[in-house]
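> With the hints as constraints, model all of the structure from the sequences given.
The listed protein sequences correspond, in order, to chains A and B.
The working numbering puts the first residue of the first sequence at 966, with every later residue one more than the last.
The working numbering puts the first residue of the second sequence at 966, with every later residue one more than the last.
The reader is advised that the hints may include incorrect statements.
Same chains, same label: a pair holds when it works inside one copy or across any pair of copies.
Derived DSS-like pairs: lysine-lysine, alpha-carbon spacing no greater than 30 Å straight-line [what the hints assert, rightly or not]: (1) Lys1033 x Lys1018; (2) Lys1337 x Lys967; (3) Lys1018 x Lys1155; (4) Lys1272 x Lys1033; (5) Lys1342 x Lys1155; (6) Lys1079 x Lys1033; (7) Lys1155 x Lys1346; (8) Lys1018 x Lys1037; (9) Lys1342 x Lys1272; (10) Lys1218 x Lys1033; (11) Lys1272 x Lys1337; (12) Lys1337 x Lys1218; (13) Lys1158 x Lys1346; (14) Lys1018 x Lys967; (15) Lys1113 x Lys1218; (16) Lys1158 x Lys1033.
Honestly, the hints are just simulated from the structure, not real lab data.
The chain contents come next:
2 protein chains.
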Amino acid sequence: MKIQAVRGTRDFYPEDMAFRRWLVERWREASRRAGFVEVDGPELEPLELYTEKSGPEIAEQLYWLQDKGGRKLALRPEFTPTLARMIASRQAALPEPIRWFNISRCFRYERAQKGRLREFFQWNVDLVGVPDEVADAECLSVAVEAMKGVGLGPEDVVVRLNDRRLLGALVQHLGIAEPRVPQVFALLDKRDKVPALALAAMLAEAGLDTRQREGLERVLSWRHLSDIDARERATPEVAAAVESLNRLFELLKDYGVAEWCRFDIGIVRGLAYYTGPVWEVHDRQGEFRAIFGGGRYDRLLGDVGGKPMPACGFGCGDVILGLLLEARGLRPEPERAADYYVVQADAVAWAEVLQVVRHLRGRGHPTQFDLKGGALKRQMKKAADAAARFVVILSDGFAADRRVTIRDMQSGEQRDLPLENLG
Amino acid sequence: MKIQAVRGTRDFYPEDMAFRRWLVERWREASRRAGFVEVDGPELEPLELYTEKSGPEIAEQLYWLQDKGGRKLALRPEFTPTLARMIASRQAALPEPIRWFNISRCFRYERAQKGRLREFFQWNVDLVGVPDEVADAECLSVAVEAMKGVGLGPEDVVVRLNDRRLLGALVQHLGIAEPRVPQVFALLDKRDKVPALALAAMLAEAGLDTRQREGLERVLSWRHLSDIDARERATPEVAAAVESLNRLFELLKDYGVAEWCRFDIGIVRGLAYYTGPVWEVHDRQGEFRAIFGGGRYDRLLGDVGGKPMPACGFGCGDVILGLLLEARGLRPEPERAADYYVVQADAVAWAEVLQVVRHLRGRGHPTQFDLKGGALKRQMKKAADAAARFVVILSDGFAADRRVTIRDMQSGEQRDLPLENLG
Chain A
966 MKIQAVRGTR DFYPEDMAFR RWLVERWREA SRRAGFVEVD GPELEPLELY TEKSGPEIAE
1026 QLYWLQDKGG RKLALRPEFT PTLARMIASR QAALPEPIRW FNISRCFRYE RAQKGRLREF
1086 FQWNVDLVGV PDEVADAECL SVAVEAMKGV GLGPEDVVVR LNDRRLLGAL VQHLGIAEPR
1146 VPQVFALLDK RDKVPALALA AMLAEAGLDT RQREGLERVL SWRHLSDIDA RERATPEVAA
1206 AVESLNRLFE LLKDYGVAEW CRFDIGIVRG LAYYTGPVWE VHDRQGEFRA IFGGGRYDRL
1266 LGDVGGKPMP ACGFGCGDVI LGLLLEARGL RPEPERAADY YVVQADAVAW AEVLQVVRHL
1326 RGRGHPTQFD LKGGALKRQM KKAADAAARF VVILSDGFAA DRRVTIRDMQ SGEQRDLPLE
1386 NLG
Chain B
966 MKIQAVRGTR DFYPEDMAFR RWLVERWREA SRRAGFVEVD GPELEPLELY TEKSGPEIAE
1026 QLYWLQDKGG RKLALRPEFT PTLARMIASR QAALPEPIRW FNISRCFRYE RAQKGRLREF
1086 FQWNVDLVGV PDEVADAECL SVAVEAMKGV GLGPEDVVVR LNDRRLLGAL VQHLGIAEPR
1146 VPQVFALLDK RDKVPALALA AMLAEAGLDT RQREGLERVL SWRHLSDIDA RERATPEVAA
1206 AVESLNRLFE LLKDYGVAEW CRFDIGIVRG LAYYTGPVWE VHDRQGEFRA IFGGGRYDRL
1266 LGDVGGKPMP ACGFGCGDVI LGLLLEARGL RPEPERAADY YVVQADAVAW AEVLQVVRHL
1326 RGRGHPTQFD LKGGALKRQM KKAADAAARF VVILSDGFAA DRRVTIRDMQ SGEQRDLPLE
1386 NLG
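The structure is reproduced here in structure tokens:
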């Protein structure tokens, strides 16, 4: 009986795995250059780590199980709650600020579709302990550096940046009561994904009257911070949020990434824990869902039982980014499996073949040889399968003269040399 | 409320993560040098991938859940069944031999104890398509190279090597019927872990009479292949198994790893799918459980619905190996978070600090700076926290002369230089 893989998961055959490794190394490189250090936690966490903050409904979108002691354990859907738990449990001992990054396998029990899988990889960068906008700018610049690292430019992607305090104040000024704000945010987060009419109906259902819905439409039509009308700008909450955003854009200029970023009042992010600047990275053509999502979450540490600490960060999944790189022709060629492939022209003894193999591996060269021996033609085909750069040919004479023939598979050139000069 | 991590899982704070990364890179290096390529599969697999071969009891030792469609999904306890599934589903397209390695997170729902966790990492190397002993030797040599790579020598560890066909024939010659052999093997696999008396009782319970138990004891007392008595060696099954083992030891000599290996008739491996040579790596002092386990499994591909293919390989977990390296003082120093740390002696503008930071990061140097500014003394303390090798000091004059001061934190030396010569 052939057993199939679980829907929404992936098998990583060598080529797919090479791409995943390459992408993960670009993430790691961008994080390290900015002085972030890698951490990780379990993939299996108590379910309440997620339901505590997001409500019991979230369990519907997670894979979870009950253990023999009746405890509910979930497969992590994201890393941030784990990060908050880890910080809260060693808070006194960790030097501040905390600059951590993580590359996680995560799971979401959602409808599997293009760009949305049930098992995926996510890169997280978090900076904890700094309330100032410079921390938001620092994280954002790491995201931009990673995009440069995989070959994307500001003509391919755009960072759309907003502040929850700004939109929150504007929404409340429309007479929408504070307890209803999270629900309105959650609906606005779907704006790119559902038709305008459907969204209007959902907002009406959420209790917004016509005047409030029209007001919201007007707010969402503002393209620049300067579009915000004077009456709103005169209120202290809006004035403070605008000033903070202006400062953030100023810093992004200093980081040399301003051309990648623009203000977008419609960005809210779905997750409940954001408290300040929020941002997403989208492809300019609007072909795909968001590639990165991030923002400030100053209350999360307190919520998981720690001392409250200002914090910001972002996450970036491998699926959408992979599709975008594929579409732009930016997927790199996979590494070859072997630099050298050792073949026997005559029936050379294993002991001698292995001498040559050991010599090459000992010098750090990925080396394969034909484990079955047989006809030279067959062995040369295997060398080609392995995409080896060089083939080393051993003949009967090797035992006596310790010389081998090396063929450069790119140029076709071939020459004789003593074993000790090989590699 | 403080939420605790799940028992038997680990939080990887920066130091633990640095060790895990280092170990994983040593595994990767040993695999690649021998021309193996990396693959991976899902962590969530159909439960039947494990119960099909090992029986429904295995579910007791796994974490599994039922999805909304009633399908039973398990967190993988090991990679080999996934590997077999992946090969079976693309068998015609994959060039032979298949030389794959994998580094997996795996889960087992067992009693958590020293050296045995519920969530762990495992390195797997598999060579599929070659029936000859040279394939077993090739895999074993990769294991030895990895041990060298982490600093272990043949004085620290030993590869204990046997062949299931040999022990299988000897057990059957004692009159133990074939269907009972797997159960006897499973009991023998516990030999190092339970007292001799308890083992004898378990064997009696399994239906072995006194003569059979004594016979088994005599067989297990043989230390060398030459100890096997003449009557046994004269039977074709034993003769064939001994010949195969002799050839394998000959090849291990050619690979230069013979001094790491010895024959051990007591090695059987717990897993049901082994069919030929089986081996384990143990620390010489016998302080820990097995570090590596491997062997030949020529029937597994056929069992998961593929075309039968000869195969061999091994697995190595991170937990025991980590404990051994710790005990031998072989855990490396963690990498520093930052090579450079930029501080402000005066109230320098962010724009200028960021110029220096961008200059260093652009040249590939992990660079941090103090996101809060403030007193120079406080900033120097933060630089020390980050274990930065160099501190770069900016003063008021920087805007005009573009010169910085660099201090080597190891030697204490300090000098002035223009920004463009930095890094």
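> Now tell me, hint by hint, if it's right for this structure.
These are the hints, each one checked on the structure:
1. Lys1033 x Lys1018: both (25 Å within a copy, 24 Å between copies)
2. Lys1337 x Lys967: within (29 Å within a copy, 59 Å between copies)
3. Lys1018 x Lys1155: within (21 Å within a copy, 46 Å between copies)
4. Lys1272 x Lys1033: neither (33 Å within a copy, 38 Å between copies)
5. Lys1342 x Lys1155: neither (60 Å within a copy, 48 Å between copies)
6. Lys1079 x Lys1033: Between copies, since 21 Å is at most 30 Å while 36 Å is not.
7. Lys1155 x Lys1346: Answer is neither; intra-copy 54 Å and inter-copy 46 Å both fail.
8. Lys1018 x Lys1037: Both, since 16 Å and 28 Å are each at most 30 Å.
9. Lys1342 x Lys1272: between (69 Å within a copy, 26 Å between copies)
10. Lys1218 x Lys1033: The answer is neither: 55 Å in one copy and 49 Å across copies each exceed 30 Å.
11. Lys1272 x Lys1337: Between. Shortest inter-copy distance 19 Å satisfies the 30 Å Cα cut-off; intra-copy 63 Å does not.
12. Lys1337 x Lys1218: between (61 Å within a copy, 19 Å between copies)
13. Lys1158 x Lys1346: neither (50 Å within a copy, 48 Å between copies)
14. Lys1018 x Lys967: Only across copies: Lys1018 and Lys967 sit 13 Å apart there, 41 Å inside one copy, limit 30 Å.
15. Lys1113 x Lys1218: Result: close within a single copy only, 16 Å intra versus 49 Å inter.
16. Lys1158 x Lys1033: between (41 Å within a copy, 25 Å between copies)
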